[in-house]
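Colleague: Start from the sequences, fold in the hints, and give me the full structure.
Add 67 to the 1-based position in the sequence shown for my numbering, that's all there is to it.
Calculated directly from the structure, the hints in this document are not laboratory data. Incorrect hints may appear among the rest.
Stated by the list, open to error - Below, a list of computed lysine-lysine pairs in the DSS-like style, where the Cα atoms sit at most 27 Å apart:
no., residue 1, residue 2
1, 243, 208
2, 208, 331
3, 362, 331
4, 243, 331
5, 208, 134
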Amino acid sequence: METIVIILPLIAGGATLIAVVGLSLIARSYAKRKVTSKTTVPAIARSTIDPWAFTDQQRGLIALLPKSMRRTFTVAGFVTPNAQLKFVAIHALILVLAVTCCSWFASSLNPSPTAIFLAGCMGAVIGWWIPRSWLEWRVTKRRIEIVSEFPVMLDLLQISVQGGMSLPTAWETVSKTLESASDAIAQEMRWINLEVGFGVRWGESLMAATERTGVTQFRSLGSLLEQTERFGTGMSLMIQVLCDSLRHEEIQVLEERAHQASVKMLIPLAAMMLPATILLIFGPIVLMMVDALQKSTAD
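Modeller: Quick look at the structure:
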């Protein structure tokens with residue numbers, strides 16, 4: 068019985084990996100047959116309107132995933148279906164390994180089926196939680212990286228536009244410059260440049276970037292570029308105004324966090340200092356009372 072309980076997770080893990088790899092190969096071969104030069108531009112246009120819409124490349128295993136999960140993958144930087152499939156495969160592998168290791172460890176300590184089953188359930192929770200936590204950490208890190216480098220990108224874009232470059236040329240130059248400093252924002256800028264090159268408007272492409280990353284600054288920049296194109300105002304001046312407003316907003320957020328930090332520190336300080344203060348004040352009093360009671364009892 069114990070041997071069967073140990074072997075079952077291994078069989079399930081092997082079947083899961085074979086299914087993931089097989090469906091991935093089927094999806095890739097199907098995409099190669101369907102993707103042609105005529106469907107390239109509509110696919111990019113559809114991804115601009117709905118970044119998580121099903122395209123020809125996403126038919127197959129990736130289409131089985133929920134839209135919210137694919138959105139989380141995209142915000143984390145796994146934009147292509149192949150990258151998302153690889154993460155799903157690694158997630159399944161970690162889940163199977165965690166269940167197998169916990170079941171084997173429990174069988175070595177207590178060979179009862181109940182203990183092995185509970186250990187397997189614990190391993191399943193651990194194997195599910197670790198990749199999801201790493202994914203959430205990557206989403207937060209990537210978003211912070213883009214937000215922190217966004218004013219720098221605007222400064223470089225303003226300098227390039229003032230130097231006489233057109234907006235697409237300046238955008239491409241800035242994206243290449245920021246590759247060494249921030250790969251996240253450079254990746255988004257390359258994607259936006261690709262969409263604009265296929266005829267998508269700047270406002271729509273930047274709105275799609277907001278949906279992909281969760282950073283609202285792209286949407287603000289898209290609205291600014293649309294207003295500049297509509298009313299004919301100076302692009303360099305408008306970019307400078309947006310950059311100043313973003314820096315001012317960042318300073319306000321930092322000041323707010325600084326004010327909140329002093330309030331948040333009251334609880335741990337009270338929890339750590341209050342017992343010592345009570346002991347320091349009432350400790351001698353308790354000792355004096357005990358001493359007085361002992362003397363009165365002796366008398």
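Colleague: Against this structure, judge whether each hint is valid.
Modeller: Verification of the supplied hints:
| no. | hint | in the structure |
| --- | --- | --- |
| 1 | 243 with 208 | holds (21 Å) |
| 2 | 208 with 331 | holds (23 Å) |
| 3 | 362 with 331 | violated (48 Å) |
| 4 | 243 with 331 | violated (42 Å) |
| 5 | 208 with 134 | holds (22 Å) |
When each numbered hint is compared with the structure, violations occur for hints 3 and 4.
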